[in-house]
Amino acid sequence: MLITLFKAALLVSFGIFVVPKKWKYALALTVNVFLVFSTGSWAIDVLVNGTQKIALDISTWSGPVELEIDRLSAYFILIINTICFCGILYAGGYLRPYLPKKRSVFISLHLFSFIWLHGAMLLVTSLRDGIAFLLAWELMSLFSFVLVIFEAQKESTLKTGINYLLQMHLSFALIMISFLIAANQTGHLGFSGVAEYFQRNNNAPLFLLFFTGFGIKAGFIPLHSWLPRAHPAAPSHVSGVMSGVMIKMGIYGIFRMVSLLQNDLMTIGVIVLAVGVVSGLMGVIMAIMQHDLKKLLAYHSIENIGIIGMGIGVGIIGRAVGDDVLMILGLAGALLHNLNHALFKSLLFFTAGNVFYSTHSVNMDGLGGLVKNMRYTSAAFLVGALAISGIPPFNGFISEFLIYSGVLHHLPQATFWMALVAVTTTLGLVLIGGLCIYCFTKAFGMTFLGSRRQEQHHVVNEVPPIMLAPAALLIISIMAIGLRSAFFGNLMLNILEQLTSVSTKNFSAEILGSLAMVSNINILLIIILVVVYSVKAWRQRYVEVWQGPTWGCGYTAGDYRHQYTPTSYADSLRQLVNPLIDYTRHYKSFDEKEIFPQPKSFTTESKDLIEEKTVLSWVHLMVKYLPKAGVAQSGLINHYLIYPLLFLAILGLLTILNVI
Amino acid sequence: MLSLALILIACIYFPGVIVKVKAIFSGRKGPGILQPWRDISRLLRKGSVYSTSSSFVFQIGAPVYFSTVIIAALFVPFEENTALFSFTGDFVLFAYLLGLGRFLIILSALDVSSGFEGMGANREAFYSMLIEPAFFILLGSLAMFTGYTSFHDIFANLHYDNYFSIIIAILAGYILANITLVETSRLPVDDPLTHLELTMVHEVMVLDHSGFDLAIIKTANNIKFVLFSTLSANCFIPQSLDLSVRIGIFLILQVMFATGIGWLESFRARNKMAMNAQYILSVSAIAMILVFVVIIIKNRI
Numbered sequence: 005m006l007i008t009l010f011k012a013a014l015l016v017s018f019g020i021f022v023v024p025k026k027w028k029y030a031l032a033l034t035v036n037v038f039l040v041f042s043t044g045s046w047a048i049d050v051l052v053n054g055t056q057k058i059a060l061d062i063s064t065w066s067g068p069v070e071l072e073i074d075r076l077s078a079y080f081i082l083i084i085n086t087i088c089f090c091g092i093l094y095a096g097g098y099l100r101p102y103l104p105k106k107r108s109v110f111i112s113l114h115l116f117s118f119i120w121l122h123g124a125m126l127l128v129t130s131l132r133d134g135i136a137f138l139l140a141w142e143l144m145s146l147f148s149f150v151l152v153i154f155e156a157q158k159e160s161t162l163k164t165g166i167n168y169l170l171q172m173h174l175s176f177a178l179i180m181i182s183f184l185i186a187a188n189q190t191g192h193l194g195f196s197g198v199a200e201y202f203q204r205n206n207n208a209p210l211f212l213l214f215f216t217g218f219g220i221k222a223g224f225i226p227l228h229s230w231l232p233r234a235h236p237a238a239p240s241h242v243s244g245v246m247s248g249v250m251i252k253m254g255i256y257g258i259f260r261m262v263s264l265l266q267n268d269l270m271t272i273g274v275i276v277l278a279v280g281v282v283s284g285l286m287g288v289i290m291a292i293m294q295h296d297l298k299k300l301l302a303y304h305s306i307e308n309i310g311i312i313g314m315g316i317g318v319g320i321i322g323r324a325v326g327d328d329v330l331m332i333l334g335l336a337g338a339l340l341h342n343l344n345h346a347l348f349k350s351l352l353f354f355t356a357g358n359v360f361y362s363t364h365s366v367n368m369d370g371l372g373g374l375v376k377n378m379r380y381t382s383a384a385f386l387v388g389a390l391a392i393s394g395i396p397p398f399n400g401f402i403s404e405f406l407i408y409s410g411v412l413h414h415l416p417q418a419t420f421w422m423a424l425v426a427v428t429t430t431l432g433l434v435l436i437g438g439l440c441i442y443c444f445t446k447a448f449g450m451t452f453l454g455s456r457r458q459e460q461h462h463v464v465n466e467v468p469p470i471m472l473a474p475a476a477l478l479i480i481s482i483m484a485i486g487l488r489s490a491f492f493g494n495l496m497l498n499i500l501e502q503l504t505s506v507s508t509k510n511f512s513a514e515i516l517g518s519l520a521m522v523s524n525i526n527i528l529l530i531i532i533l534v535v536v537y538s539v540k541a542w543r544q545r546y547v548e549v550w551q552g553p554t555w556g557c558g559y560t561a562g563d564y565r566h567q568y569t570p571t572s573y574a575d576s577l578r579q580l581v582n583p584l585i586d587y588t589r590h591y592k593s594f595d596e597k598e599i600f601p602q603p604k605s606f607t608t609e610s611k612d613l614i615e616e617k618t619v620l621s622w623v624h625l626m627v628k629y630l631p632k633a634g635v636a637q638s639g640l641i642n643h644y645l646i647y648p649l650l651f652l653a654i655l656g657l658l659t660i661l662n663v664i
Numbered sequence: 000m001l002s003l004a005l006i007l008i009a010c011i012y013f014p015g016v017i018v019k020v021k022a023i024f025s026g027r028k029g030p031g032i033l034q035p036w037r038d039i040s041r042l043l044r045k046g047s048v049y050s051t052s053s054s055f056v057f058q059i060g061a062p063v064y065f066s067t068v069i070i071a072a073l074f075v076p077f078e079e080n081t082a083l084f085s086f087t088g089d090f091v092l093f094a095y096l097l098g099l100g101r102f103l104i105i106l107s108a109l110d111v112s113s114g115f116e117g118m119g120a121n122r123e124a125f126y127s128m129l130i131e132p133a134f135f136i137l138l139g140s141l142a143m144f145t146g147y148t149s150f151h152d153i154f155a156n157l158h159y160d161n162y163f164s165i166i167i168a169i170l171a172g173y174i175l176a177n178i179t180l181v182e183t184s185r186l187p188v189d190d191p192l193t194h195l196e197l198t199m200v201h202e203v204m205v206l207d208h209s210g211f212d213l214a215i216i217k218t219a220n221n222i223k224f225v226l227f228s229t230l231s232a233n234c235f236i237p238q239s240l241d242l243s244v245r246i247g248i249f250l251i252l253q254v255m256f257a258t259g260i261g262w263l264e265s266f267r268a269r270n271k272m273a274m275n276a277q278y279i280l281s282v283s284a285i286a287m288i289l290v291f292v293v294i295i296i297k298n299r300i
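Sequences listed follow chains A and B, in order. Okay, so the first sequence: first residue is 5 according to our numbering, each after it adds one. Okay, so the second sequence: first residue is 0 according to our numbering, each after it adds one.
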């Protein structure tokens with residue numbers, strides 16, 4: 005019944021191209037709701053009852069295709085459904101200004117791709133057969149490409165889109181090669197083949213190949229370079245879904261592989277942890293340097309993927325040293341952070357989209373003071389900012405706390421090397437937390453607080469309710485995790501028990517006890533806050549309260565231009581991390597003889613040095629030297645006939661010399 | 000609950016002692032010990048002025064800051080006497096709660112669109128980011144040393160049973176004292192009495208707070224001060240003594256701590272702003288030394 009509904013929903017989605025323009029959105033929303041309903045009920049059923057196998061009536065050459073949903077898949081399906089539903093709801097408001105401007109077919113294509121991206125992600129999490137999995141993976145990349153280039157009339161967007169498409173295919177190729185290597189030896193293309201391969205061989209090489217492939221999708225540094233381009237270029241509901249769930253498909257793949265690992269655990273764990281720490285720190289440092297709000301959020305995705313990577317790395321190391329508590333807590337932290345990041349990152353992207361909708365700009369250098377015009381949007385952004393900085397009483401803290409507790413739990417029996425692992429993890433998490441506070445006080449403060457940093461040209465208004473509804477939904481989920489963390493902790497333990505076949509009976513009570521305590525303290529915090537605020541309100545009824553200008557410290561000529569800007573706010577950190585970022589200022593000082601000064605401009609930019617060194621330097625070399633091969637393209641047919649002859653001659657020579 | 004009572008008692012005289020000591024060193028008689036609290040109660044009776052550019056964020060900033068410090072106070076134990084909350088990894092929540100208060104107070108400073116307060120906000124965010132690792136490394140190494148992972152268990156089992164362990168007590172106390180100075184914006188990182196807004200950190204952030212808001216911020220600062228000094232006192236009090244003797248030692252240690260700060264602030268100049276980052280990072284570096292000391296003492300190498 006549900007499978008029919010699932011298929012029917014995907015089929016009906018073709019109808020978007022046929023119906024009139026004003027009905028397209030309604031149809032897309034309906035299809036989305038059906039997808040959410042059908043797969044959501046499977047997922048909940050699985051989380052309550054156990055694994056399900058559902059046959060799809062499709063066959064590949066390795067047999068009929070089955071959807072296999074275990075608890076891990078079910079968990080990811082629920083994340084996908086939540087965020088995609090919020091995304092399509094948000095699109096209803098966000099696309100409104102585009103409707104008159106865009107041609108009907110483009111709108112249909114966009115909505116159709118959104119539905120199919122949703123569908124493809126659902127399939128990725130539930131297919132185990134290699135061919136089918138790769139097909140779903142490819143569909144996911146293609147449809148997200150179409151979504152990114154929504155504003156393809158801009159050349160930069162199109163260029164970004166093509167960059168994205170290429171990198172996704174690199175990821176696809178690596179994953180396919182990895183599956184083929186496993187299939188070559190075991191005869192099974194798919195996850196079962198990989199499991200068999202891992203039992204017979206050293207795990208590290210193949211796992212790292214998978215890790216690279218999935219890592220491009222997830223955005224681990226140094227494989228991240230598509231991410232800070234594609235997210236800002238895409239419309240906000242797409243950025244929210246891409247950052248919230250699509251990059252998590254890479255994490256899903258890594259989780260599957262981690263569950264199959266048999267040996268080489270220490271090597272793999274240390275590498276994953278190191279990549280995680282570097283991604284986390286570099287991600288947040290680069291984020292602080294940004295002026296563009298959406299680009300800042302994109303770099304934060306890298307940072308959060310880094311935290312997830314740290315959790316996974318700690319988990320693998322825990323398994324390597326035989327400490328079940330460390331393993332389960334590390335993996336549980338990583339797993340819960342998937343959900344947490346999906347919730348607050350899409351919330352932040354949606355609210356950044358609200359800012360763009362109202363002001364037509366996401367450049368923080370010119371924003372400020374929006375809190376007065378956009379009260380609800382700024383409150384929602386504030387919740388997201390606190391949650392992403394891992395601050396209680398919100399959800400980000402819970403997952404980081406799980407990783408911390410795992411590490412702390414291991415410390416008393418730690419050897420020298422494990423102490424180093426613990427110090428690295430703790431230092432990484434703490435610094436990321438501190439830098440996050442730095443970054444989000446900047447992002448929120450510069451965008452919403454103070455006064456507008458450039459003169460306003462039009463009135464800024466709050467966005468329509470349909471764009472605030474998803475934010476409300478996400479905030480409720482964020483608060484639920486923060487205030488009922490034991491429930492979610494228990495869910496993580498259940499998922500991991502099935503995935504790793506390790507019993508958590510011995511220590512689950514202690515962990516859940518700690519989480520329940522954290523949640524109770526969070527509730528107490530809110531109660532005390534309400535009390536303090538009420539006392540304040542009561543006190544202030546009896547004394548004089550009035551409004552006046554900001555105190556200028558004796559300097560009365562100050563105006564909005566004297567405020568801190570994103571650049572100046574980031575400057576103290578910039579001086580510390582200068583070697584890591586290629587920072588340049590462009591300005592021309594006043595000329596001595598300039599009697600009537602011309603208008604001056606001052607801009608700063610920081611380059612992503614890791615991208616520059618790892619990706620772009622090769623590209624530049626290729627761009628420089630590959631054209632030289634054009635000599636061979638002489639246009640003369642006799643030259644072209646020589647080439648195969650030469651090829652055959654070389655082949656013959658090599659055969660004679662017994663090289664091939 | 001004993002720890003909470005002790006913290007509150009210490010709160011009463013702690014800020015007054017600092018002021019008194021500073022007055023005596025500069026050749027004045029100085030106000031009474033309770034003068035800081037009289038100032039706060041006067042502020043409570045006063046009205047408030049809110050900047051026209053401020054918003055709801057400014058309104059909730061001070062209450063959130065105050066609430067987080069109050070909750071944090073419930074975490075701090077007095078040796079084996081349990082604090083109200085005690086569970087695995089409670090000091091992580093302790094540090095992150097203080098982070099919440101800091102976040103909101105920074106936002107309140109940015110809310111009034113003043114360049115000076117932006118400066119203070121920026122520095123606060125930067126310095127607190129740099130000092131945080133020291134606290135976690137310190138608690139981590141103490142956890143490794145004692146074998147326990149909550150504030151209460153760590154301090155209840157901090158037995159200095161051999162001579163090498165004295166090193167740990169000295170290092171831990173030193174690091175905690177430094178963390179206290181940075182977290183509460185004292186010399187040598189920040190001078191609370193400076194009259195030049197360009198060189199302030201914490202004080203300039205709260206320039207636009209007045210009346211009730213300012214009163215609870217000042218109260219919260221005083222409590223925060225005592226919280227951290229209680230943590231360092233925990234490193235020094237021998238466990239073998241009677242409870243009443245230990246309470247006496249605790250109260251005297253607090254006076255000594257306050258006197259030390261007053262002395263420091265009388266004779267030392269504030270760091271150059273550009274030097275602060277190095278200074279704070281050096282505290283984390285010393286905390287790393289502590290990790291290695293613990294590894295060596297516990298024979299884990």
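Treat each hint with caution, since some may be false.
[Stated by the list, open to error] Pairs of lysine-lysine residues, derived as DSSO-like cross-links and limited to a Cα-Cα distance of at most 30 Å, are as follows:
1. K271(B) / K217(B)
2. K45(B) / K376(A)
3. K376(A) / K217(B)
4. K57(A) / K158(A)
5. K540(A) / K271(B)
6. K611(A) / K628(A)
7. K271(B) / K376(A)
[Stated by the list, open to error] Sample of chain A residues with no beta-carbon within 12 Å of chain B, all distances over it, derived:
8. S45
9. A383
10. I395
11. V427
12. S481
13. I585
14. T618
In short, the hints are calculated from the structure, not lab data. Remember, it's a predicted structure, so these values are computed and weren't measured experimentally. Built from N, CA and C at the ideal position, the CB exists for glycine as well.
Verification of the supplied hints:
no.	hint	in the structure
1	K271(B) / K217(B)	holds, 25 Å
2	K45(B) / K376(A)	holds, 27 Å
3	K376(A) / K217(B)	holds, 28 Å
4	K57(A) / K158(A)	violated, 45 Å
5	K540(A) / K271(B)	violated, 38 Å
6	K611(A) / K628(A)	holds, 21 Å
7	K271(B) / K376(A)	violated, 38 Å
8	S45	holds, 36 Å
9	A383	violated, 8 Å
10	I395	violated, 5 Å
11	V427	violated, 6 Å
12	S481	holds, 20 Å
13	I585	holds, 16 Å
14	T618	holds, 27 Å
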